[in-house]
Amino acid sequence: GEDVEQSLFLSVREGDSSVINCTYTDSSSTYLYWYKQEPGAGLQLLTYIFSNMDMKQDQRLTVLLNKKDKHLSLRIADTQTGDSAIYFCAARGGTYKYIFGTGTRLKVLA
Amino acid sequence: DAGVIQSPRHEVTEMGQEVTLRCKPISGHDYLFWYRQTMMRGLELLIYFNNNVPIDDSGMPEDRFSAKMPNASFSTLKIQPSEPRDSAVYFCASSLGQGETHEQYFGPGTRLTVT
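Residue numbers (this note's numbering), protein chains in the order written: chain C, 3 to 112; chain A, -5 to 109.
Hints are computed from structural coordinates only; laboratory data are not their basis.
Glycine residues also receive a C-beta, built at the ideal position from the N, C-alpha and C atoms.
Be a bit skeptical, because a hint or two may be false.
[To be verified] Residues of chain C placed beyond 12 Å of chain A at every Cβ, according to the derived structure: (1) Q39; (2) L47; (3) R94; (4) I101.
[As the list claims (entries may be wrong)] Below, a sample of chain C positions facing chain A; criterion: calculated Cβ distance under 8 Å: (5) F11; (6) Y33; (7) P41; (8) A43; (9) L45; (10) Y50; (11) G96; (12) Y98; (13) K99; (14) Y100; (15) F102; (16) T104.
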């Protein structure tokens, strides 16, 4: 079935760039999303990319999509302690259902 | 808009009791989703509605779980009887069916503990 995979943990120093990776299996995925979850809170939409795009930039966030390899990445420039959270990748095909990854816990060291 | 509203935020109950979780979607959104989040299984879609009608309930784990959406501004997820393995954070999300992106907006969640 459809699957979305992410590494579980990432640790970076404040001021460095963070790169969170995601792979998905459904080649018909049309939209891919990144969500952020802070402790005790719901998921907050950060950004999304359409499958016919290779890259999307939004302030400190850069999303790269390699459709051939079904690989998605989220780069956070100048990572701050407030960026510490769990980041979820999600894929959506022709339906309204999202397939979420396991989430990557980002820890930013001061 | 206040965003997606869920109540209660925390629920502690004993095994065998009935639990009802509530959700108010963003006004105007026509899709509503119920998710469950646990450490072991991550984020799982339980059921989703379109215009108050259940479209896909394949994620509902057992008959003990039921969900309703009596009108466009209210949905419930009921567990009867509850079991300790139902302990999780339950999220409600809503989205607008028009357009292409269909971003889902999540509520703050209900943390359920069944003892």
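Structure-based check of each hint:
{"no.": "1", "hint": "Q39", "verdict": "violated (9 Å)"}
{"no.": "2", "hint": "L47", "verdict": "violated (5 Å)"}
{"no.": "3", "hint": "R94", "verdict": "violated (7 Å)"}
{"no.": "4", "hint": "I101", "verdict": "violated (8 Å)"}
{"no.": "5", "hint": "F11", "verdict": "violated (14 Å)"}
{"no.": "6", "hint": "Y33", "verdict": "holds (6 Å)"}
{"no.": "7", "hint": "P41", "verdict": "violated (11 Å)"}
{"no.": "8", "hint": "A43", "verdict": "holds (6 Å)"}
{"no.": "9", "hint": "L45", "verdict": "holds (4 Å)"}
{"no.": "10", "hint": "Y50", "verdict": "holds (6 Å)"}
{"no.": "11", "hint": "G96", "verdict": "violated (11 Å)"}
{"no.": "12", "hint": "Y98", "verdict": "holds (6 Å)"}
{"no.": "13", "hint": "K99", "verdict": "holds (6 Å)"}
{"no.": "14", "hint": "Y100", "verdict": "holds (6 Å)"}
{"no.": "15", "hint": "F102", "verdict": "holds (4 Å)"}
{"no.": "16", "hint": "T104", "verdict": "holds (5 Å)"}
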